[in-house]
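If you read the sequences in order, they're chains A and B. Under numbering that gives the first Met the number 0, think of the first position of the first sequence as 0, with each following residue one higher. Under numbering that gives the first Met the number 0, think of the first position of the second sequence as 0, with each following residue one higher.
I should point out that these hints are in silico values taken from the structure, not numbers from a laboratory. Check before you lean on any hint, since a few could be wrong.
Said to hold, decoys possible - Chain A is faced by these chain B residues, among others (derived, beta-carbon under 8 Å):
1) F5
2) R39
3) S42
4) S139
5) D146
6) R148
7) I188
8) E191
9) N192
10) D193
11) F203
12) A241
13) P249
14) L254
Just so you know, even glycine gets a beta-carbon here, dropped at the ideal spot from N, CA and C.
There are 2 protein chains.
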Amino acid sequence: MTLSIFSSTSPHLEASNLTAFAQNGLERQSEHRDEDSLKRALSVEGAHLLAFAGDKLILKHDGQVLDPLFAPYELAELKPDFENAVLLGFQPSGEPRIAVPILSAVEDLASHFKPTDARSLYRDELIGEELLGEVAQGVSLIHWNADNRFCGRCGGRSESRSGGYKRVCTACEHAIFPRTDPVVIMLTIDEENDRVLLGRSPRFPEGMYSCLAGFVEPGETMESAVRRETLEESGIAVGRVAYHATQPWPMPHSLMIGCFSEALSRDIVIDDLELEDCRWFTRAEVRAMVDMTAADGRSAPLKGAIAHRLMIDWLDWPA
Amino acid sequence: MTLSIFSSTSPHLEASNLTAFAQNGLERQSEHRDEDSLKRALSVEGAHLLAFAGDKLILKHDGQVLDPLFAPYELAELKPDFENAVLLGFQPSGEPRIAVPILSAVEDLASHFKPTDARSLYRDELIGEELLGEVAQGVSLIHWNADNRFCGRCGGRSESRSGGYKRVCTACEHAIFPRTDPVVIMLTIDEENDRVLLGRSPRFPEGMYSCLAGFVEPGETMESAVRRETLEESGIAVGRVAYHATQPWPMPHSLMIGCFSEALSRDIVIDDLELEDCRWFTRAEVRAMVDMTAADGRSAPLKGAIAHRLMIDWLDWPA
Numbered sequence: 000m001t002l003s004i005f006s007s008t009s010p011h012l013e014a015s016n017l018t019a020f021a022q023n024g025l026e027r028q029s030e031h032r033d034e035d036s037l038k039r040a041l042s043v044e045g046a047h048l049l050a051f052a053g054d055k056l057i058l059k060h061d062g063q064v065l066d067p068l069f070a071p072y073e074l075a076e077l078k079p080d081f082e083n084a085v086l087l088g089f090q091p092s093g094e095p096r097i098a099v100p101i102l103s104a105v106e107d108l109a110s111h112f113k114p115t116d117a118r119s120l121y122r123d124e125l126i127g128e129e130l131l132g133e134v135a136q137g138v139s140l141i142h143w144n145a146d147n148r149f150c151g152r153c154g155g156r157s158e159s160r161s162g163g164y165k166r167v168c169t170a171c172e173h174a175i176f177p178r179t180d181p182v183v184i185m186l187t188i189d190e191e192n193d194r195v196l197l198g199r200s201p202r203f204p205e206g207m208y209s210c211l212a213g214f215v216e217p218g219e220t221m222e223s224a225v226r227r228e229t230l231e232e233s234g235i236a237v238g239r240v241a242y243h244a245t246q247p248w249p250m251p252h253s254l255m256i257g258c259f260s261e262a263l264s265r266d267i268v269i270d271d272l273e274l275e276d277c278r279w280f281t282r283a284e285v286r287a288m289v290d291m292t293a294a295d296g297r298s299a300p301l302k303g304a305i306a307h308r309l310m311i312d313w314l315d316w317p318a
Numbered sequence: 000m001t002l003s004i005f006s007s008t009s010p011h012l013e014a015s016n017l018t019a020f021a022q023n024g025l026e027r028q029s030e031h032r033d034e035d036s037l038k039r040a041l042s043v044e045g046a047h048l049l050a051f052a053g054d055k056l057i058l059k060h061d062g063q064v065l066d067p068l069f070a071p072y073e074l075a076e077l078k079p080d081f082e083n084a085v086l087l088g089f090q091p092s093g094e095p096r097i098a099v100p101i102l103s104a105v106e107d108l109a110s111h112f113k114p115t116d117a118r119s120l121y122r123d124e125l126i127g128e129e130l131l132g133e134v135a136q137g138v139s140l141i142h143w144n145a146d147n148r149f150c151g152r153c154g155g156r157s158e159s160r161s162g163g164y165k166r167v168c169t170a171c172e173h174a175i176f177p178r179t180d181p182v183v184i185m186l187t188i189d190e191e192n193d194r195v196l197l198g199r200s201p202r203f204p205e206g207m208y209s210c211l212a213g214f215v216e217p218g219e220t221m222e223s224a225v226r227r228e229t230l231e232e233s234g235i236a237v238g239r240v241a242y243h244a245t246q247p248w249p250m251p252h253s254l255m256i257g258c259f260s261e262a263l264s265r266d267i268v269i270d271d272l273e274l275e276d277c278r279w280f281t282r283a284e285v286r287a288m289v290d291m292t293a294a295d296g297r298s299a300p301l302k303g304a305i306a307h308r309l310m311i312d313w314l315d316w317p318a
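The following block holds chain A by itself, in its conformation from the complex (with noise of 0.2 Å):
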């Protein structure tokens, strides 16, 4: 047997692409964004725009479906801030696809426009794979023009341009592009006991068990990120990371890195400022929670979320 530098995973079989939001069809065209681009896009006729009222998207509810694309002339009640709209992509077929912010405060809308964040439109399986990955490139996009208004060097106004991949002060001329902050996220793994490490934060829904994360820090590599993180939130010291997947998480415009970890030690020492509880599970406990059939009430992330993705692959790991 050779060691391939490949794992015998087909793309579309990999970890990655089997999170939710990961799915995005559009042909970004990135090295030929220009300042006509967005007004290009906007005047091709069955270009489709998703219109975001904060990081809330519009959907358009007729009493039976939930539909979030609109036709430029169906956004005009809704107040379009053109000007700091977005080009996603384009579709194989070449429909643009944008993402436009509105101005219509959410309590005035219609109500057949119902205001959704990116969050329930995956929890509650409210639109296809495909648009939820086009939605979370526009929520992250939307949301980092919105937070970017004027220069952090001189306080100046900033212009969007490169179809909202770029703003520029109208002082100094400073130019700033699209953030994307990397998370860590682990399932650290006793390989002696058979049992992986997850905890809790106050903040998750009653019952809810999921894996360590925290944001890379400048200057770390992925694996000392891990190592870090397990270390401070649990006092558990990791040894070996091995890289599984990625997966775009818009809240607001992070790219979380899912790894195995390999525990060194044993003894949990719980971080009190991060979680309420931090504890290790064995197979069966685990197999429990992803089935949602645990006694004891305790569960697992959703489907589509990463750390799901992990104490899955990991249950059905080759070993």
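Chain A is fixed; fit chain B onto it per the hints.
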């Protein structure tokens, strides 16, 4: 043979630990940063400071050695800006390490102070590996603080908090946190013909070829970013993607994510906005480039660069 979830690599030999800027032994105590952390650290006997003029580290040069570590009293003549200093962390001995921006102009510095950028520190091996890791952390955080003196939401003045890991607007109280930009960098392999894809940006030193690379965009997985960037820059379709290593890259605050990727096509179409050349290289050609023995003068990025790591680890893969 069972397939372990972990490769057989021990943490000290993991590819990420063999890249420049990755060695950083500081204990960050990230969960315990508060409004007094920096002040407390500055008052500790034996605290050492790294001084930055913009993105440049100040080295003290006594005619023989280059020393980047300042005692607090040594900084006075450089006009230290302690309001925007950053507590990097603590040595195992408990000694704090603090990054401090200076207000003196570079051209006004006495001749025994040498402002040096992170790239030169690494290329010319001017300081040890652990210090290089601390400098990477320092540059990124000093740069981020300097780029965010004003609030992006309202244009108000912001203030540093939590030891330099948070800025809060004095007008609207909007809080922001340090930024780290994930970048994918990939060695694309044509397995059938045992060769790899490398390109040349017009900004590279003469003769240098490297892996293709690009920022991960909001709403992408690592794997989808690898496929998009490779397709856009070279026209090559990518199938499987394997994570290899990460590297902190302080120009100014990136996280390089190094991958191997599988070529599904062979015909290159160069994006001439980004690259001035892009071609396939055989195993013998890559070996000569990393060994600096190529008769045509072509070369690889320097040892310590993650692209160099990807090349030599491909050459040495046990196939």
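Outcome of the hint check:
1. Taking 8 Å as the C-beta contact cut-off toward chain A, the hint placing B:F5 at the interface holds, the least distance being around 4 Å.
2. For B:R39, the interface hint is violated, the least distance from its beta-carbon to any beta-carbon of chain A being 18 Å, above 8 Å.
3. Look at B:S42: its Cβ only gets to about 24 Å from chain A, farther than 8 Å, so that hint breaks.
4. Interface hint at B:S139: satisfied, since its Cβ lies 3 Å from the closest Cβ of chain A, which is below the 8 Å cut-off.
5. Interface hint at B:D146: satisfied, since its Cβ lies 5 Å from the closest Cβ of chain A, which is below the 8 Å cut-off.
6. The restraint placing B:R148 at the interface with chain A holds, with a minimum CB-CB distance near 6 Å, inside the 8 Å limit.
7. For B:I188, the interface hint holds, the least distance from its beta-carbon to any beta-carbon of chain A being 7 Å, beneath 8 Å.
8. Against a cut-off of 8 Å between C-beta atoms, the interface hint on B:E191 is violated, since the closest Cβ of chain A lies about 13 Å away.
9. Because the beta carbon of B:N192 sits about 15 Å from the nearest beta carbon in chain A, more than 8 Å, this interface hint is broken.
10. At a threshold of 8 Å, the smallest CB-CB gap from B:D193 to chain A is about 12 Å, leaving the interface hint violated.
11. At a threshold of 8 Å, the smallest CB-CB gap from B:F203 to chain A is about 18 Å, leaving the interface hint violated.
12. Among the interface hints, the one on B:A241 holds; its C-beta lies about 5 Å from the nearest C-beta in chain A, closer than the 8 Å criterion.
13. Proximity of B:P249 to chain A holds as hinted, the smallest CB-CB distance being about 7 Å (cut-off 8 Å).
14. Given the 8 Å rule on beta carbons, the hint for B:L254 holds: about 6 Å separates it from the nearest Cβ of chain A.
Checked against the numbered hints above, the structure breaks hints 2, 3, 8, 9, 10, 11 and satisfies the rest.
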